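Chain by chain, the residues:
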Amino acid sequence: MDGIPSDRDLSAIGLLQDPVRRALYGHVVASGGEVSRNQAAEAAGVARSLAAFHLDKLVEAGLLEATFRRLGDRRGPGAGRPAKLYRRAAGQVAATLPPRTYEAAAHLLAETVEEAGADLELQAAARRAGARTGRQIAAEASAGPDPAPAVEQVLAARGYEPYRDGDALRLRNCPFANLSAEFPVLVCAMNLCLIEGLLDGLGQDPGRAVMDPAPDRCCVAVFSKDNQD
Amino acid sequence: MAAQHLAQVNIATLRAPLNGPELAGFVAELEPVNALADASPGFVWRLQTEDGDATAIRPFDDDRIMVNLSVWESFETLRAFVYSTRHLEVMRHRRAWFSRMADPYLALWWVPAGTTPTVAEAKRRLELLAGHGPGPEAFTFRAPFPRPVTR
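Residue numbers (my numbering), protein chains in the order written: chain A, 1462 to 1690; chain B, 575 to 725.
Keep in mind the hints are simulated off the structure, nothing from the lab. Don't take each hint at face value.
[Stated by the list, open to error] Stretches of chain A that chain B covers, calculated by requiring three or more beta carbons in the stretch to come under 8 Å of a beta carbon on chain B: (1) 1593-1605; (2) 1672-1678.
[To be verified] Pulled from the structure, derived: some chain A residues nowhere near chain B, Cβ distances all over 10 Å: (3) A1473; (4) D1479; (5) R1482; (6) Q1584; (7) P1610.
[Unchecked claim] Here are the in silico distance ranges between beta carbons for each label pair: (8) R674/B to I1465/A: 35 to 43 Å; (9) R1469/A to K697/B: 25 to 33 Å; (10) A1551/A to R660/B: 43 to 51 Å; (11) D677/B to F1684/A: 38 to 46 Å; (12) R1589/A to E596/B: 20 to 28 Å; (13) L1532/A to A630/B: 52 to 60 Å; (14) V601/B to L1532/A: 47 to 55 Å; (15) A1618/A to D637/B: 45 to 53 Å; (16) R1469/A to D677/B: 41 to 49 Å; (17) P1676/A to P686/B: 26 to 34 Å; (18) E711/B to L1532/A: 45 to 53 Å.
Keep in mind it's a predicted model, so treat the numbers as computed, not measured. All C-beta atoms in this analysis are idealised placements derived from N, C-alpha and C, irrespective of residue type, glycine included.
Chain A extracted, bound-state conformation (with noise of 0.2 Å):
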């Protein structure tokens, strides 16, 4: 929960100011799952040794858990050591100096709507806003020389963590996540229609975003109408 931050997390957030760290984070974070020491010290361009001892202080702070598994099928004597496979730690760390505790408002604030039975009214703010974020995104992109971003980007940007599953974009992070399972209806609903905004102010057909809801994902996916994107 937000707050003061404590000593805990900002030591977490310090050890990731180190490059080979951020590198090997960020891709058994991308992964999606659990990826082995030889995995992420090649994807990181590392030694085995520095990626294990790099690994280890990240599980050691709490960003980062680790299981040993065997893989292939051998089994009993003979059949190798289990590996250690690494995969992104349950839980949250977060720091906001000066102290900010948004979620606590924000647990407050969804209460109250759904109470209030303001569903409709959350569904049509969320769209706006997503609207307004999208034209902002495409008009500082046609300032400059650059094309507009992908909606991939936009998405990663925003913290979802896409990924393509077939012809569709699926969201391995929900951003609003402790709130979300507090309020699914309400707050799955809101981000849907958020992402629908986003890609009306984008240009893109906001009926590209549908509710596909399952256990450890975003409820959202967006579907690629003509394998533009």
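Got chain A; can you put chain B on it based on the hints?
The following block gives chain B in isolation, referenced to the frame of chain A:
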């Protein structure tokens, strides 16, 4: 197998007649969502008339209020169905079809496996929730109580 299963009731007040144009979207989802429930992991039972759903049942004086009553093997399996499937998409439209209810509209409670709750029992659990807030006899998704250990 666990000795206790999870019963759930939810009630909703229709904004317009069920067979009218305003509720067409909801009516279209009844069959697919009920079929999805039946096929979902942990599903045990749901209240239905011979039409295949519970929309004909009006347990209150206010006959705009409909009821949904079901039993699941666990809190997790019910939660997964309600919030991690197509059902969530249907719930997103709740305000278009149902008015806001002042009192608790959803209650969860543990029942011995193999028993099916009655509508009267479900109403009692909603009243418990309204009167006492969440407790082991009637609780919510946001304030769950664990399955009682039975010998």
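Structure-based check of each hint:
no., hint, in the structure
1, 1593-1605, "violated (count 0)"
2, 1672-1678, "holds (count 4)"
3, A1473, "holds (29 Å)"
4, D1479, "holds (37 Å)"
5, R1482, "holds (34 Å)"
6, Q1584, "violated (8 Å)"
7, P1610, "holds (28 Å)"
8, R674/B to I1465/A: 35 to 43 Å, "holds (38 Å)"
9, R1469/A to K697/B: 25 to 33 Å, "violated (48 Å)"
10, A1551/A to R660/B: 43 to 51 Å, "violated (27 Å)"
11, D677/B to F1684/A: 38 to 46 Å, "holds (40 Å)"
12, R1589/A to E596/B: 20 to 28 Å, "holds (25 Å)"
13, L1532/A to A630/B: 52 to 60 Å, "holds (55 Å)"
14, V601/B to L1532/A: 47 to 55 Å, "holds (51 Å)"
15, A1618/A to D637/B: 45 to 53 Å, "holds (51 Å)"
16, R1469/A to D677/B: 41 to 49 Å, "holds (43 Å)"
17, P1676/A to P686/B: 26 to 34 Å, "holds (28 Å)"
18, E711/B to L1532/A: 45 to 53 Å, "holds (48 Å)"
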